[in-house]
Each structure stands twice: as structure tokens, then as C-alpha cells.
Amino acid sequence: MFKESEKLLDLDLKNYSGNYKDDFKRICRQQKNQISSYYNKIYFNAAYETYLNRIVNEIIVNNPSLINENLRVFFVYNHVPNACNTGEGSIFINLGLLDILDNESELAFIIGHEIAHQSQRHVNKSISELFEGFYSENYQHKLAEMRKLGLGRYNRFKELVKNLELDNSRHSRSYETESDSLAFQYLKQTNYNLTRAAESLKKLKLADTELIDMNSVLAKTFHFENAPFNPKWLYKKESIGDKYKQELSKEVQDSLSTHPNTEARHQFIKSLILLNIQSNNDSTEMSRDTFAQMKKEFNYISIQKLIEEKEISKAIYQILKSQSNGDDNQFLKIRLLTCLQIVYDRLNDYTLGEYVDSRNPYYPKEYNKLLIFIDNLSLKDIESLIENYKNNL
Amino acid sequence: MVLINFNSYSQLKLKDMNLSYSIKNSGKITNNGVIQGFYMFYNIDKPVDGMINCGIDITDEEANVIRNFEFQASASHRLIESAYSNNELCFKFFDMKAKKLYFKIFSLEGKLISDFEFKMSKDEKTSIFKYLISNEEIKKWNDNNEADESVYKNTNLFELPSGGFFSIINCDVNSNKSFVLVKFNSGSDKMETYAYESNNRFSEPEFIGFKKNTALFKVENSAGPKEKITTNIIAINTLSWENVLEINGNKSGKNTFVPFGIVLDTTSELLKMMGTYYKKEDNLLKDESQGLAMWAVNIDGEIVSEKYNNWGQDFKGFLDFKENGKSRDIGYVFIHEVFSIADGKIVAIGEGYKKVFGATNGSRSSTSIVTTDIAVFSFDMEFNFESGKVYQKEKLRIDSENDFASSHKLAASLKNKNLFSYKFVQFNEDRSQYLIGFTSIKLKFMTYDLKFQYIRSENENAKADFIKNKYSMGYFNTLPLQYGKVLVIEAPYFSSKIDTRVVKLK
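The listed protein sequences correspond, in order, to chains A and B.
Heads up: the first sequence begins at 0 in numbering that gives the first Met the number 0, then just goes up one per residue.
Heads up: the second sequence begins at 0 in numbering that gives the first Met the number 0, then just goes up one per residue.
What the hints contain is simulated information worked out from the structure, not anything from laboratory work.
As the structure is a prediction and not an experimental result, all values here were calculated from the model.
Some clues are possibly wrong.
[What the hints assert, rightly or not] Covered by chain A, per the in silico footprint, the following chain B stretches (three or more residues, Cβ under 8 angstroms):
#	region
1	46 to 60
2	229 to 241
3	257 to 263
[Stated by the list, open to error] Below, computed lysine-lysine pairings styled on DSSO-like, alpha-carbon distance capped at 30 angstroms:
#	chain 1	residue 1	chain 2	residue 2
4	B	K344	A	K157
5	B	K321	A	K231
6	B	K321	B	K344
We put the CB at the ideal spot given by N, CA and C, even for glycine.
Take these sequences, add in the hints, and give me the full structure.
Here it is as C-alpha cells:
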């Protein structure tokens, strides 16, 4: 499957006629590596693949302009709620995306959005804009001036690149809005529920917000009658990280965000919906049961994958989040036990740092609280937690 | 959600610029003795037109970089040392071209707050220059106009408890090789100095600690390089910057006391110091110490109490010391640290050493110093010996620089070059627990095993364990982070790829 993408990228390189072939080659190589890493993470399940392709076909069949788009859509192992288009026809939907979606219409909107990126060649346009920006006469003149400077050229270069990156992220945001608008048009031709579909944007915003009170969840999860929770495990040492971390401007924060500008995008789509009255017809939805099953399974699969990839602190976070949302499944409890055992073993052989993140002032607040908790545990504490948690299963 | 990473493209272009980064200095950021972060000073790129870009990274206690800032400095500025105090960083520079000494103070946000020049006469410039800069560096500067410092030690610039900094500057005072203590605060353009005037030809100071607003120093005096060394203890009031006390290590009349640490005792106003002691007539560089001692001195310079623990008599069979202070088990003991903990008890960390005949292959020496095991001594608040424990490690043989020098002089040289196995001690927040770190190297055929060993004491119990190196024959080093954690730095043999990881100790 990747070979097809590779062929298309090689063709792009062959067809490039500009003056900066070396740099273009570099970009293509980088793109290839990124796409290849996605292909290595494809989640194979015939039934879910069929389900996904039926949604894609529903959109294409009702939008004839998309018929010649050579699209390949896959689910990939990634717990982050996101999806992406890589420019040569591949669309990757993270398993974690279903964690925040509630129905097929929402999923269809996201897929439509990615198809729009592909149909409008946004990736190729981004590359061209990057080149046009970087190799424009104005920019090259600034670079030449900067080289003459000698001292201070490093800072000047950083400033120039930062401005170029911010310009590009502004373009990216306009592409996102364009894709939202197109996705809306694509779905309008189908029988998917547009109001529900638009809710997916609101949920992307929520995905960036932590809705868990970690300290309360920890105190509840690890409190046992014969071994009460020790408040010292939550003790947060004073750190200059909290006091001196650099505050990013709103624009920079947004440019670094996984889902930029979601509030404005959601409002924009809502305004489109108001202009286009549509019935609440859900008859297009393929299978509510399949969606519900996927939503549940994908969460567990993501957690299992995190454990396999040695991302133990992230796995524990996902487990606790699921449990705090009311999921009482035995799978989660057993996985939590597995994670605790790994923490014990790795602390014992001094490799815990390869499995558990260190507290970092730039991490989300509640995630940091979990890291502080793990950091405060001694071997004896972990042993006791494992024993008591096992007995209470 | 489009997949093109512009950030990494700009990183690619940045690489094209072939910028170099070289770390020049680093240090701890502490609050009440607890590590809360670190700072690192580095040069970026090469000098241009006599100027160079310098960068400072501030990290938190997990070694995550949380902030960085840059400034430009003259390429002839050679960074001597640095320190942190009260949300400020101080850097001591020596200008190789102009022969000037500067102190620059930055806030942690990167703002230059103060820029002091230590004014010197022409003669002072010459003498200070000789103390600060080695002959190799002078040659490199003369040949290439490069101010380069490959080895740095932050040993003469300190924070003041009330905020601000002070520094020891070795120089000539009244034609004798002595020192000046300078104190400065940010926000003030005033620099206060105290010059130590001595009748001795040589006076070498060492800062040993604070008792509230009093700074204590040990000063080794001698009439000449091969003459007998005497020890004075001076106390400087950090508010008035005046000498409030000076007593001779022979004051008691019985022994010569050489302090190297302060006992933290918040219940007493006395200045309590711990150290080693010698017979009155002994040569401190040649002769063996008699044991460990503690003096309690009042502000008038009177010795209120003195306690001596003789190697052969007072250590209750621990290490089987002979009268000359040599242990039958581990040789002489070099005391690395003496400190007090929260409950008032006192701990001394020592490492055994002995001079032996025979050196390593290809060496010009016929003798070596072998470092043996780590010994931890525990005392009560009155400095009565309570117990001791030996922690074994691999014996390490180091060729002697001088076959005729005494074991003790050679040991002092090893300490100066950081060749002992002992690395550091860490304390928890309330100083009720401590952790000692040291290395152990086992040489094998064509390879070696490196271990970082540690001893963690919790209440009356002590646990010992080790971390082994990942790559055989590779680079392996451990740096102390906050209590209970170390930064492990490893690299395979002949590789420029470095692995770093924060390790939590059990």
C-alpha cells in the first residue's frame, strides 16, 4: 500500500521544475518517512475497514467530482484524537479519534474534511507556499543580509523562520476552514445529519481540554480499606518550571495546537447549517452498532498499544480517564495492574525513565499530577498498591 | 489536519548554517538547599569581529529546559565560574585582552541586571591573571585569540544567604600571595571588598560554610612552598563585610585543627566546625592526621568546646585503625564530606587510599595510589563516634605523579583532579535523609565494567545498590539531580551519539 504512495511522491519529484531541487528532494524524503511511519501503524480489521470504506464511498458516490481521487483511508494506532491527509491520497484516522466522537455523522464529517484537503491539494500547496516564501526575493535578500551580519545571525535566522512558520500556520488555518466548508458541501449531498456532523468540531476543542480531576481519581482508585491512600503521594514539590516557563502568545499556542481555531470553525459551520435547513435524517448511518463497538474497542486497543510501545504513563492516564467516565470494564483494571507491575519492575532495574514521562511544566496539568504521583511512589508503595488492587479485583 | 511539518524543515535549514554549541559552565538552582533546577552556559557559533553569542538554558529539577536566553559578549571574555542566588545568575568573566575581571548578573528571565568590574591596579592585574589563567590558556590566547575553557570548577563564587553573591579572588596583598573577598548585590552599584593581610608569604583560602550571616573560611598559611602550613579560621560578617573573628588552628594548644565543614545547629549561637586534627608540630601535607575533631567557638573567638576522635582509640574497632591513622582494612581515609542532618547527628564520608609500589603499564612512575572502599562514620550531636560502615567497591589504581611525595599529598592531588571514586551527597527537603554516590570501575581484558553505586540512608537504615553502564568501553557519567535522582549520560565507544536519561534511585 505504501508503494503506491511512494510512486506518487516520486512522480511529484520528477515533475518538479523549480530551481531548488535539492531542498524539494529533502521535503519529499521527509514526507515519505512520515507517511511510511503511518503505514507501519495501520490497524487491520476487515470488518472495520469495510465500514470505513463504505462511509468514504457514500461521500464519493454523492459527489461525482471526487470520483477520480485515488483515496486510501485507514485506521492507525494512535491514541490522540486526530486524523490527517498526507497529500498523495492517503488518509489516516487515529483510533483515538473515536474516543471523542459519538456517531457516524461526526466521523463522516471528519473524513469529508480530510477528503477536501486531498481534493484541494492542500499539502502540495503548503509545500509550494513554503518554497515561495523561503525562496522569494524578499526572503532571500533578508537571508543574505543576515549572513553578512556575522554575529547575531543565529537569532536573526530564528526570527525570520519563526515569522515564516507563523505565516504558514495562518495559511494552514485557512485551509482548515476551506476543508470544513467543503466537507459540509460533500455531506449536504448525502443523508448524514449536518447538525450532528458539525458537533465533531466542538468535540475536537474538548479533546484539547483535560476533563479529569486527576488527584481525586487517584485518591479514589488507590484507596483500600486496609491500605488507605497516602496524601503524600500527591505532594508537589516546588519547581522553578512552574514559575519560569515561557508564556506563548495566543497565536503561537494556536499554531502549535493539534486542532487550531476550532471555536471559530464550529461557529462558521453552524452558520452554514442555518442557511441550509435539512431534516434530521439518520438513514444513511451504516451501522450504529458497529460505531459503538468500534468506539469501545478502539479505546482498549489504544491503551494496549501504549503499553506495548512503553508509554506507560500515557496508558495509565487513558485508563484512569476511561474509568472516571464510568467504564468499569475488567480489561481496564487488568491493564492498570499490568502498568503498575511494569512501573515496579522498571524502577527496580533503573529504566523507569524509558517508560514513564518526567514531570514537565509544558505538559497538561492533570497529566503532570499523574506523573508526580508515580514519581512519589517508592518500590514498597507500588508493591502494596499492586497487592491491594489485585485483591480488590 | 494537514501533514507537513514546517518546524522540522526550518531545523534542516538551521543545520545548513553549521552552528556549533559548546557548553562552558553549569550549576544548580537551589532554594534553602533543595535543588529546584539547573542552568547551563554555552557559546553559540564562532566569534565574529571580536564578539560571540552566548546562551543560557534554565532547566527544572527534571532537567527539562524551560527557558533560554542569549546575549552577546566579547570573544576575549573567558568565563571563570558561575553561581545562583535568589532568582539571579552571576557569571565571573576575565577579559583576556584587557586583563579585567567582570561580574555579570542576570535574572532568570534573561535580563542583565548588573555588570560590575573589579577594579585592579596594574600590579594586581598581573598577579590575578597568573592565578586565574593557566599557561596553556595564555598560549592559546596569544596564538589564536581564543579564550577557551575546557575544564571548569565553580569553587570561588558563592551565593549569600541574604541575597547577592561573593567571590574569592586570589591576588597579591602587600606583596604576599593572599586573597580578596568581594561582595555585591544586584540593584546596587557598590562592590564591597575585604583584603586578607597576612605576614605569611602564601595564604590560600577555602570557604567552609555559613552560620546565619557569618561566612567561615579556612586559610592555609605558609612562609614558602616547602614550608610548614598553619591553618587560620576567619569569620566574615556578610552584612558589614568585616572580619569578626580570626583564630589559629593551634589555638587550643594541644592539636592543630583543620576544619572543612560546619555543623548545622539551630539551637546554638556557637560556630561549630568539623574537620581533621594533627599534632601541633606536624606538617599538614606530609604527616598523617590524628583523627576527626569538632570545635565550638563563640563570636569572641574563644573555644567553648573541643572534641577529638583519635583514629586508633576512639573508633571502637571500626576499620581497625593503627596509631598512625592507617586502617588495616582500607588504608588511610580521605574525608570527602562531613555534614549534619536534621536530628543533629553528624556523618563523615571517607574513602580509603594507600600508596603502593608498582604502576600501570607504560607509566614512568614506580608507585601508584590505590583508592579502596567507602567508609561512612556516624556521630552523635556531641561528635561522639556511634557507628561506621564500609561499602566495598572496585579498587582503583592511579599512577603517582611523584614517587617521593607523601601519600597524603598525592591524595590531595587526586581530590583536586576529581579522581577519587566519591562523587556527591544529596539531601532530601528536610535533611533527614541523605544519599551518597560513587563510582566503581572493574578493568577487564580489552574492556571495563563501570558502575554508579549509591547508599541511601533513611532513619537508621541504609540501602546500597548500583547502576551498571550500558555500553562496554563507552562513556558513562552520572550527575546529581534532585534528591533520589541522577542524570545518566552514556555513549558507546567511538560514537558521538549521547544517551541521557533521568534515573530514579530505589
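Against the structure, the hints:
1. 46 to 60: It holds: at least three residues are needed, and the region 46 to 60 of chain B offers 9 whose Cβ sits within less than 8 angstroms of chain A.
2. 229 to 241: Violated: only 0 residues of the region 229 to 241 of chain B have a Cβ under 8 angstroms from chain A.
3. 257 to 263: That given contact is violated, which follows from only 0 residues of the region 257 to 263 of chain B lying within Cβ reach (below 8 angstroms) of chain A.
4. B:K344 / A:K157: Violated: K344 (chain B) and K157 (chain A) sit about 54 angstroms apart, past 30 angstroms.
5. B:K321 / A:K231: Distance ~48 angstroms between K321 (chain B) and K231 (chain A) Cα, so the pair is violated.
6. B:K321 / B:K344: Since the Cα atoms of K321 (chain B) and K344 (chain B) sit roughly 26 angstroms apart, the hinted pair holds (cutoff 30 angstroms).
Of the numbered hints stated above, those contradicted by the structure are hints 2, 3, 4 and 5, listed in ascending order.
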